[in-house]
Amino acid sequence: AQSVTQLDSHVSVSEGTPVLLRCNYSSSYSPSLFWYVQHPNKGLQLLLKYTSAATLVKGINGFEAEFKKSETSFHLTKPSAHMSDAAEYFCVVSDMSNNNDMRFGAGTRLTVKP
Amino acid sequence: ETGVTQTPRHLVMGMTNKKSLKCEQHLGHNAMYWYKQSAKKPLELMFVYNFKEQTENNSVPSRFSPECPNSSHLFLHLHTLQPEDSALYLCASSQVSVGHQPQHFGDGTRLSIL
Chain R
1 AQSVTQLDSH VSVSEGTPVL LRCNYSSSYS PSLFWYVQHP NKGLQLLLKY TSAATLVKGI
61 NGFEAEFKKS ETSFHLTKPS AHMSDAAEYF CVVSDMSNNN DMRFGAGTRL TVKP
Chain E
1 ETGVTQTPRH LVMGMTNKKS LKCEQHLGHN AMYWYKQSAK KPLELMFVYN FKEQTENNSV
61 PSRFSPECPN SSHLFLHLHT LQPEDSALYL CASSQVSVGH QPQHFGDGTR LSIL
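Chains as they are written, first to last, in the numbering used here: chain R, 1 to 114; chain E, 1 to 114.
These aren't lab readings, by the way, just hints derived from the structure by calculation. Please note that a few of the clues may not be correct.
The calculated DSS-like cross-link candidates involving lysine-lysine, where the alpha carbons are at most 30 Å apart (straight line), are [to be verified]:
hint: 1; chain 1: E; residue 1: 22; chain 2: R; residue 2: 49
hint: 2; chain 1: E; residue 1: 52; chain 2: E; residue 2: 22
hint: 3; chain 1: R; residue 1: 49; chain 2: E; residue 2: 41
hint: 4; chain 1: R; residue 1: 49; chain 2: E; residue 2: 52
hint: 5; chain 1: E; residue 1: 41; chain 2: R; residue 2: 113
hint: 6; chain 1: E; residue 1: 41; chain 2: R; residue 2: 58
hint: 7; chain 1: E; residue 1: 36; chain 2: R; residue 2: 49
hint: 8; chain 1: R; residue 1: 42; chain 2: E; residue 2: 18
hint: 9; chain 1: E; residue 1: 40; chain 2: R; residue 2: 113
hint: 10; chain 1: R; residue 1: 68; chain 2: E; residue 2: 40
hint: 11; chain 1: E; residue 1: 36; chain 2: R; residue 2: 58
hint: 12; chain 1: E; residue 1: 40; chain 2: R; residue 2: 69
hint: 13; chain 1: R; residue 1: 58; chain 2: E; residue 2: 40
hint: 14; chain 1: R; residue 1: 69; chain 2: E; residue 2: 41
hint: 15; chain 1: R; residue 1: 42; chain 2: E; residue 2: 40
hint: 16; chain 1: E; residue 1: 36; chain 2: R; residue 2: 42
hint: 17; chain 1: E; residue 1: 22; chain 2: R; residue 2: 42
hint: 18; chain 1: E; residue 1: 41; chain 2: R; residue 2: 68
hint: 19; chain 1: E; residue 1: 18; chain 2: R; residue 2: 68
hint: 20; chain 1: R; residue 1: 42; chain 2: E; residue 2: 52
hint: 21; chain 1: R; residue 1: 49; chain 2: E; residue 2: 40
Listed next, with one range per pair, are the computed distances between beta-carbon atoms [what the hints assert, rightly or not]:
hint: 22; chain 1: R; residue 1: 56; chain 2: E; residue 2: 98; range: 22 to 28 Å
hint: 23; chain 1: E; residue 1: 83; chain 2: R; residue 2: 52; range: 40 to 46 Å
hint: 24; chain 1: R; residue 1: 15; chain 2: E; residue 2: 52; range: 22 to 28 Å
hint: 25; chain 1: E; residue 1: 52; chain 2: R; residue 2: 10; range: 36 to 42 Å
hint: 26; chain 1: R; residue 1: 29; chain 2: E; residue 2: 17; range: 40 to 46 Å
Examples of chain R residues toward chain E, derived with CB under 8 Å [stated by the list, open to error]:
hint: 27; residue: 43
hint: 28; residue: 46
hint: 29; residue: 49
hint: 30; residue: 67
hint: 31; residue: 104
hint: 32; residue: 105
hint: 33; residue: 106
hint: 34; residue: 109
hint: 35; residue: 112
For every residue, glycine included, the Cβ atom is placed at its ideal position computed from N, Cα and C.
Kindly generate the complete structure, drawing on both the sequences and the hints.
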């Protein structure tokens, strides 16, 4: 079955500095990978998705992620953090196993300092 | 406006009460989902409906009873809940329940069991 590991439960950056949120996945098939963001008292919003097309995926709000099969990674990056980026971020994997269910990571809380 | 609306946003109930959570999607999707989000735990998939038919029940206790009268509406009926059922309950929808289809989430119902 597929699984996903978010390597950091909490990341803190200063406004204007780069953001890196790390995600490693495990999948026996060609996976689909997603990043979602959750602001306080809100549902999850899709940031970007990878579904076997270009390995560098651009999403909303300046975020992007690169699919690296050799490293089984799908890290999320942004060149310059904004205060509004402070939220919880979830890496998600889905493949043909397990009824195509989406498997969510435990989440990474991003704090942005002024 | 996320396209997926959940009501109520907050619910406090005793263990002997019966209540229902409602979800409505305005996206023309054919698959709908219930998730449970507890503190410090990954998102847990509870139920999946595809074209109004339940296609998945992830070993959810019978005190949770889903209902999907049509592709746009999903309910979660609650009765004799336990304190550990306190959580954020999220509804989501997608075009169909295939792994590469991104899911769109509502803002959730915060449930507290007294």
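We went through each hint and held it up to the structure:
1. E/22 to R/49: Answer holds: residue 22 of chain E to residue 49 of chain R is near 28 Å, not above 30 Å.
2. E/52 to E/22: holds (15 Å)
3. R/49 to E/41: This hinted pair holds, its Cα atoms lying about 23 Å apart.
4. R/49 to E/52: Distance of about 26 Å is within 30 Å: holds.
5. E/41 to R/113: OK: residue 41 of chain E and residue 113 of chain R at ~26 Å, within 30 Å.
6. E/41 to R/58: Roughly 28 Å separates the two Cα atoms, so the pair holds.
7. E/36 to R/49: holds (22 Å)
8. R/42 to E/18: holds (25 Å)
9. E/40 to R/113: holds (23 Å)
10. R/68 to E/40: With Cα atoms ~28 Å apart, residue 68 of chain R and residue 40 of chain E stay inside 30 Å; holds.
11. E/36 to R/58: Holds - the C-alpha atoms of residue 58 of chain R and residue 36 of chain E are around 29 Å apart, at most 30 Å.
12. E/40 to R/69: Satisfied, since the Cα-Cα distance of roughly 28 Å is no more than 30 Å.
13. R/58 to E/40: holds (29 Å)
14. R/69 to E/41: holds (27 Å)
15. R/42 to E/40: Distance of about 17 Å is within 30 Å: holds.
16. E/36 to R/42: holds (14 Å)
17. E/22 to R/42: holds (16 Å)
18. E/41 to R/68: Measuring from Cα to Cα gives roughly 26 Å; hence the hint holds.
19. E/18 to R/68: violated (48 Å)
20. R/42 to E/52: At roughly 26 Å apart (the allowed maximum being 30 Å), residue 52 of chain E and residue 42 of chain R satisfy the hint.
21. R/49 to E/40: holds (24 Å)
22. R/56 to E/98: 22 to 28 Å: holds (24 Å)
23. E/83 to R/52: 40 to 46 Å: Taking Cβ atoms as reference, residue 83 of chain E and residue 52 of chain R lie about 44 Å apart, which means the hint holds.
24. R/15 to E/52: 22 to 28 Å: violated (47 Å)
25. E/52 to R/10: 36 to 42 Å: This hint holds: roughly 41 Å between Cβ atoms.
26. R/29 to E/17: 40 to 46 Å: holds (43 Å)
27. 43: Status holds, d = 4 Å.
28. 46: holds (5 Å)
29. 49: Holds, about 5 Å.
30. 67: With Cβ-Cβ at 13 Å, over 8 Å, it is violated.
31. 104: holds (4 Å)
32. 105: holds (6 Å)
33. 106: Check passed: Cβ of residue 106 of chain R comes within 5 Å of chain E, closer than 8 Å.
34. 109: violated (11 Å)
35. 112: violated (22 Å)
Of the numbered hints given earlier, the model fails hints 19, 24, 30, 34, 35; all others are met.
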